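**Q** One-letter residues, chain by chain:
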Amino acid sequence: MSEAAILTEGLGKSFGALAAVSELNLKIQPGAVYGFLGRNGAGKTTTMRMLLGLVRPTKGSARVLGLDPTRETELIRILERVGFVPQRKQLYGWATPAELVRMNKAYFPRWSDDAAARLAQRLEIPMNTAFKKLSIGNQSKVALLLALAQGAEVLILDEPTAGLDPMMVDEILRTLIEDHISQGRTIFVSSHHLGEVEQICDWVGILEGGRLLLESRLEEIRQEFRLVIASGEGLPVSTSTDLVSATTDGRFQRYVVAREAERFAAELRTHGATILEISPVGLRELFLHLVRKEDACTPGNVGAKAAPVSSFS
Amino acid sequence: MLLHLNPSSGVPVYLQLEAQVKQAVAAGALRTGEALPSTRKLAAELRINPNTVARAYQDLERDGVTRSVPGGGTYVADGLPGLLKSEKVKRLRPHARQLAVEGRQLRMTREETLKLLEEELDKLGGQA
Numbered sequence: 512m513s514e515a516a517i518l519t520e521g522l523g524k525s526f527g528a529l530a531a532v533s534e535l536n537l538k539i540q541p542g543a544v545y546g547f548l549g550r551n552g553a554g555k556t557t558t559m560r561m562l563l564g565l566v567r568p569t570k571g572s573a574r575v576l577g578l579d580p581t582r583e584t585e586l587i588r589i590l591e592r593v594g595f596v597p598q599r600k601q602l603y604g605w606a607t608p609a610e611l612v613r614m615n616k617a618y619f620p621r622w623s624d625d626a627a628a629r630l631a632q633r634l635e636i637p638m639n640t641a642f643k644k645l646s647i648g649n650q651s652k653v654a655l656l657l658a659l660a661q662g663a664e665v666l667i668l669d670e671p672t673a674g675l676d677p678m679m680v681d682e683i684l685r686t687l688i689e690d691h692i693s694q695g696r697t698i699f700v701s702s703h704h705l706g707e708v709e710q711i712c713d714w715v716g717i718l719e720g721g722r723l724l725l726e727s728r729l730e731e732i733r734q735e736f737r738l739v740i741a742s743g744e745g746l747p748v749s750t751s752t753d754l755v756s757a758t759t760d761g762r763f764q765r766y767v768v769a770r771e772a773e774r775f776a777a778e779l780r781t782h783g784a785t786i787l788e789i790s791p792v793g794l795r796e797l798f799l800h801l802v803r804k805e806d807a808c809t810p811g812n813v814g815a816k817a818a819p820v821s822s823f824s
Numbered sequence: 555m556l557l558h559l560n561p562s563s564g565v566p567v568y569l570q571l572e573a574q575v576k577q578a579v580a581a582g583a584l585r586t587g588e589a590l591p592s593t594r595k596l597a598a599e600l601r602i603n604p605n606t607v608a609r610a611y612q613d614l615e616r617d618g619v620t621r622s623v624p625g626g627g628t629y630v631a632d633g634l635p636g637l638l639k640s641e642k643v644k645r646l647r648p649h650a651r652q653l654a655v656e657g658r659q660l661r662m663t664r665e666e667t668l669k670l671l672e673e674e675l676d677k678l679g680g681q682a
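Residue numbers (the working numbering), protein chains in the order written: chain G, 512 to 824; chain S, 555 to 682.
Keep in mind that the hints are not guaranteed to be accurate.
Facing chain S, according to a computed beta carbon distance under 8 angstroms, are these residues of chain G, among others [stated by the list, open to error]: (1) Gln540; (2) Val544; (3) Tyr603; (4) Asp681; (5) Glu689; (6) Ile692; (7) Gln710; (8) Arg733.
Which chain G residues stay away from chain S? Per the calculated CB distances, all over 12 angstroms, these [to be verified]: (9) Arg560; (10) Pro597; (11) Lys644; (12) Ser742; (13) Leu746; (14) Arg770; (15) Leu799.
Restraint ranges, calculated between C-beta atoms of paired labels, are given here [what the hints assert, rightly or not]: (16) S:Ala654 to G:Arg762: 30 to 38 angstroms; (17) G:Ser623 to S:Arg651: 52 to 60 angstroms; (18) S:Leu557 to G:Thr581: 42 to 50 angstroms; (19) G:Ala777 to S:Lys642: 29 to 37 angstroms.
Calculated from the structure, these hints are not laboratory results.
This one's a predicted model, so the numbers in the text were calculated from it and none came from an experiment.
Ideal Cβ placement from N, Cα and C applies to all residues, glycine included.
All chains should be built: construct the whole structure from the sequences, respecting the hints.
**A** So, in structure tokens, the structure goes:
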């Protein structure tokens with residue numbers, strides 16, 4: 512495959528003593544739809560802002576389409592080719608969407624008036640109402656229209672569906688698939704709506720406390736990842752690198768393993784465990800297991816050490 | 555084609571798609587030579603990643619349910635003898651299991667259970 516759409520190596524950002532993002536290694540292939548998951552404050556927005564030159568990294572490096580966002584000249588080329596829909600839309604509040612379209616098109620060599628007109632109609636955007644007077648949903652749609660009409664190769668979307676009703680979410684998903692994903696273009700999207708992520712993404716990364724706990728193809732999670740529930744006293748936390756998370760609840764242990772669950776279960780049995788269940792693990796469940804720390808059976812969730820389990824094939 | 559997905563069912567979406575297309579073919583809702591929607595169109599319709607649809611279409615072709623024409627779409631394959639073998643086995647297995655379990659609970663011997671089954675098959679007569 513050609514050069515990564517987004518690549519970070521040891522990327523970090525500290526605000527004083529607070530490390531918002533640490534040692535982040537992301538590799539997002541062109542054409543991937545990458546769901547970036549994490550709790551509030553996990554560092555998702557800071558990461559996105561570093562990719563767009565809005566925040567300066569304190570460690571490591573980032574490349575977007577092979578370009579370095581900390582260099583002024585390269586940043587301009589990134590901004591031409593990457594569309595960003597931030598969570599807080601900082602557009603000129605007094606301007607109408609129609610005016611925003613006119614202002615934006617001057618900056619983007621690949622701007623498409625056709626796309627802008629088509630999207631305005633399909634998304635039913637009131638093009639002549641001041642931006643600040645639009646509902647949150649309509650504001651999101653305007654931001655998305657601008658990003659898509661700019662002909663962006665990569666879309667960076669920070670919780671694009673937050674606060675939207677199901678009908679609007681549905682329209683936005685459809686638009687993203689028809690106008691962007693189907694053209695083989697890349698999306699890097701953060702979201703708390705794991706159902707949507709499961710629908711449209713093919714990669715997920717889970718961030719917690721500024722660190723990447725897990726990065727995997729969604730397909731691999733569906734096919735290989737298993738939740739193993741066992742009961743028994745003093746079960747060891749296996750040294751297997753395939754162990755993603757281990758939590759305990761009284762006599763019951765819950766393990767999430769990245770592959771070869773049967774072999775893992777057999778190993779537990781040799782330690783006197785009774786295996787109660789081996790089942791596929793949904794994204795929501797996986798997320799909760801990974802970020803839930805309070806009932807970990809080891810100091811800290813072992814998942815924090817096990818990641819990343821990804822392999823680019 | 556009326557396809558519907560349940561993303562939270564735990565069954566991978568591409569498998570849900572495959573199963574529904576197979577069922578539609580088996581039930582005659584999709585006829586030989588009929589075109590399936592393009593990958594992009596179906597992905598947009600169902601709000602899922604186009605790769606997921608592509609994956610399901612690949613599997614369907616591998617299973618002989620569909621054939622694709624280079625550069626021009628996916629069609630229901632011809633000469634499909636009703637349900638696929640694997641599909642038949644999948645549907646019948648729960649009944650076979652039921653028979654085995656009930657037979658065992660009633661303390662029937664293996665031969666007695668099989669004989670019963672054979673008798674029922676004989677009653678149907680006709681084909682081998």
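**Q** For every hint, state whether the structure bears it out.
**A** Now for the hints, and whether the structure bears them out:
1. Gln540: Since chain S brings no Cβ nearer than about 12 angstroms to G:Gln540, farther than 8 angstroms, the hint is violated.
2. Val544: 6 angstroms, holds
3. Tyr603: 32 angstroms, violated
4. Asp681: 6 angstroms, holds
5. Glu689: 4 angstroms, holds
6. Ile692: At 6 angstroms from the nearest chain S Cβ, G:Ile692 passes the 8 angstroms test, so the hint holds.
7. Gln710: 5 angstroms, holds
8. Arg733: With Cβ-Cβ at 5 angstroms, under 8 angstroms, it holds.
9. Arg560: 26 angstroms, holds
10. Pro597: Nearest chain S Cβ is 23 angstroms from G:Pro597, so the label holds.
11. Lys644: 29 angstroms, holds
12. Ser742: 23 angstroms, holds
13. Leu746: Non-interface label on G:Leu746 holds, nearest chain S Cβ at 26 angstroms vs cutoff 12 angstroms.
14. Arg770: Fine: 16 angstroms to the nearest Cβ keeps G:Arg770 off the interface.
15. Leu799: 14 angstroms, holds
16. S:Ala654 to G:Arg762: 30 to 38 angstroms: 34 angstroms, holds
17. G:Ser623 to S:Arg651: 52 to 60 angstroms: 58 angstroms, holds
18. S:Leu557 to G:Thr581: 42 to 50 angstroms: 47 angstroms, holds
19. G:Ala777 to S:Lys642: 29 to 37 angstroms: Since G:Ala777 and S:Lys642 have Cβ atoms about 33 angstroms apart, the given range 29 to 37 angstroms holds.
Consistency with the previously given hints fails for numbers 1, 3, ordered from lowest to highest.
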